[in-house]
Amino acid sequence: SQKIEQNSEALNIQEGKTATLTCNYTNYSPAYLQWYRQDPGRGPVFLLLIRENEKEKRKERLKVTFDTTLKQSLFHITASQPADSATYLCALEGKGGSYIPTFGRGTSLIVHP
Amino acid sequence: NAGVMQNPRHLVRRRGQEARLRCSPMKGHSHVYWYRQLPEEGLKFMVYLQKENIIDESGMPKERFSAEFPKEGPSILRIQQVVRGDSAAYFCASSPSRVSSNQPQHFGDGTRLSIL
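So the sequences go chain by chain: G and E.
For what it's worth, our numbering labels the leading residue of the first sequence as 1, then goes sequentially.
For what it's worth, our numbering labels the leading residue of the second sequence as 1001, then goes sequentially.
Since the hints were derived computationally from the structure, they do not count as laboratory data.
We put the beta carbon where it would ideally sit given N, CA and C, even for glycine.
There may be inaccurate statements among the hints.
What the hints assert, rightly or not - Straight line, CA to CA, 30 Å or less: simulated DSS-like cross-link-like pairs of lysine-lysine:
1. E:K1044 x G:K55
2. G:K71 x G:K55
3. E:K1051 x E:K1062
4. G:K59 x E:K1044
Stated by the list, open to error - Example chain E residues on the side facing chain G (calculated, C-beta under 8 Å, incomplete):
5. Y1033
6. E1041
7. L1043
8. F1045
9. F1091
10. V1099
11. Q1105
12. F1107
13. D1109
14. G1110
Let's have the full structure, built from the sequences with the hints guiding it.
Here it is as structure tokens:
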């Protein structure tokens, strides 16, 4: 069956360090993969999208990589700040199937000052 | 531009009552998606609507749940005869056309439904 796996344990890091979050998937052939941020009591906010033919995408302090061989995406936040503390969700859509993105459960990031 | 607006933000119902959740998409968006999120779980797709049409309802329970997106007015997710298991956060998202690699979804802040 299709699965999207994100680390359920919270990631705790010190301010200024690089946070790296992982999204693994099985039995998908995604056309693209998205990352969202969700704060408590709020809806997800779109951050970055990376297509299957792209290896890396950057936006300010954010970087996403997409390895279709490993079936994995890594999401990096450089020079992390306490304001980056949130839950980060990955979502992907399979080619030729439903075009509705399927979301992982998300990983909580806590940046300590 | 106003974002996706959902109301009410919080809704309390007793078992057996009806819950009506409303979603006004972003201006210019004619595609609406409803998701349910339980604590410690991911967003689960329920239904996808385009003005006056249900495009995909594969994630919506067959009984007690219905959704509409009329020509005028917000999209409505309706839950009849609510049970405790319906307690969750319900999110609505919208996009200007069918969601794709060029059209990510824009989410509202959800309705928290609590069943007593």
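The hint names E:E1041 as touching chain G; please verify it with the least Cβ-Cβ distance against 8 Å. With a closest approach of 6 Å, the E:E1041 hint holds.
* Residue hint E:D1109, partner chain G, criterion CB-CB below 8 Å -> holds (5 Å)
Per-residue hint verdict: E:Q1105, partner chain G, C-beta under 8 Å:
Holds - the Cβ of E:Q1105 comes within 8 Å of chain G, reaching about 7 Å at its closest.
Exercise. Return the status of the interface hint for E:L1043: holds when the least beta-carbon distance to chain G is below 8 Å, violated otherwise.
Key: holds (4 Å)
Are E:G1110 and chain G close enough, Cβ to Cβ, to be under 8 Å, as the hint says? Constraint on E:G1110 satisfied, holds at 5 Å.
| message | Next pair to validate is G:K59 with E:K1044; report whether the Cα-Cα distance is within 30 Å. | response | holds (27 Å)
| query | Holds or violated: E:V1099 as interface residue toward chain G, Cβ cutoff 8 Å? | reply | holds (6 Å)
Does E:K1044 pair with G:K55 here, judged by a C-alpha cut-off of 30 Å?
holds (28 Å)
Note to self: Would the hint on E:F1107 be counted as holding, given a Cβ-Cβ threshold of 8 Å to chain G?
What the structure shows: This interface hint holds because 3 Å falls under the 8 Å limit.
Restraint: E:Y1033 near chain G, CB-CB cut 8 Å. Satisfied or not? Constraint on E:Y1033 satisfied, holds at 7 Å.
When you check the alpha-carbon spacing of G:K71 and G:K55, does it fall within 30 Å? holds (12 Å)
Per the CB criterion, is E:F1091 less than 8 Å away from chain G? holds (5 Å)
Hint violations for this structure: none, all hints satisfied.
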